[in-house]
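J.: Chain by chain, the residues run as shown.
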Amino acid sequence: KAGVTQTPRYLIKTRGQQVTLSCSPISGHRSVSWYQQTPGQGLQFLFEYFSETQRNKGNFPGRFSGRQFSNSRSEMNVSTLELGDSALYLCASSRGSYNEQFFGPGTRLTVL
Amino acid sequence: AQTVTQSQPEMSVQEAETVTLSCTYDTSESDYYLFWYKQPPSRQMILVIRQEAYKQQNATENRFSVNFQKAAKSFSLKISDSQLGDAAMYFCAYRSATSGTYKYIFGTGTRLKVLA
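Each protein sequence line maps, in turn, to chains A and B. The opening position of the first sequence corresponds to residue 1 in my numbering, with each subsequent residue numbered one higher. The opening position of the second sequence corresponds to residue 1001 in my numbering, with each subsequent residue numbered one higher.
Worth flagging that the hints you see were computed from the coordinates, not collected in a lab. It should be emphasised that the depicted structure is a prediction, and the values quoted were computed from it without experimental measurement. Where hints are given, some of them may not hold.
[As the list claims (entries may be wrong)] Going by beta-carbon spacing under 7 Å, a handful of chain B positions derived as facing chain A:
1) 1044
2) 1045
3) 1047
4) 1103
5) 1106
Glycine included, C-beta positions come from ideal geometry on N, C-alpha and C.
Please work from the sequences and hints to get the whole structure.
T.: So this is what it looks like as structure tokens:
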């Protein structure tokens, strides 16, 4: 059974640009959560999607948005990039919101 | 709001020895889940162990066990017979069991070094 995949694995952008990250969950998983991981802050919850609906959102500005498609694949978009957005963005999927989360390898975003 | 605190940024343990990683949390809820996740260098995060708050018995998974003290809001991870492959970042996480609240709250992590 294939695990959670994230593309791209590495990304370099400049300030002011926007970026879209993609996450493909494990087959059969309907819940997808996104996290931002930085050395100082640890993992910060961004949002969770279940059956194409955003169920919960963390404390991030509106520049961070996401969506989920009917096949449960999810995308995360960050507009008007800032230097502080440089981080590892992790996606995790689960069968349901209360099941164990399985993490992807992450997308390393560097903003110059 | 719930918080999770890992007060040990880094720990070291000799191979084959035992180490305990600390985690405390704050919540006003009575029903929740607690987790320990492991993130090896440049590798994916994986679940090590989970504990349901309503269960008094401490969870164990092979060499990994927890000491869950609900009243003290403490959830420490004990790794016995440490192996080189245990070297990783360890994250403690909290998740509410209340319907409608789905997000995980993670601590800042503890980097575990295993010395040969």
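J.: Next step is simple, just say for each hint if it's right about the structure.
T.: Comparing the hints with the structure gives:
1. 1044: holds (5 Å)
2. 1045: With a minimum Cβ separation of about 4 Å from chain A (threshold 7 Å), the hint on residue 1045 of chain B holds.
3. 1047: Holds: closest Cβ of chain A sits about 6 Å from residue 1047 of chain B, inside 7 Å.
4. 1103: Status holds, d = 4 Å.
5. 1106: holds (4 Å)
The structure agrees with every numbered hint stated previously.
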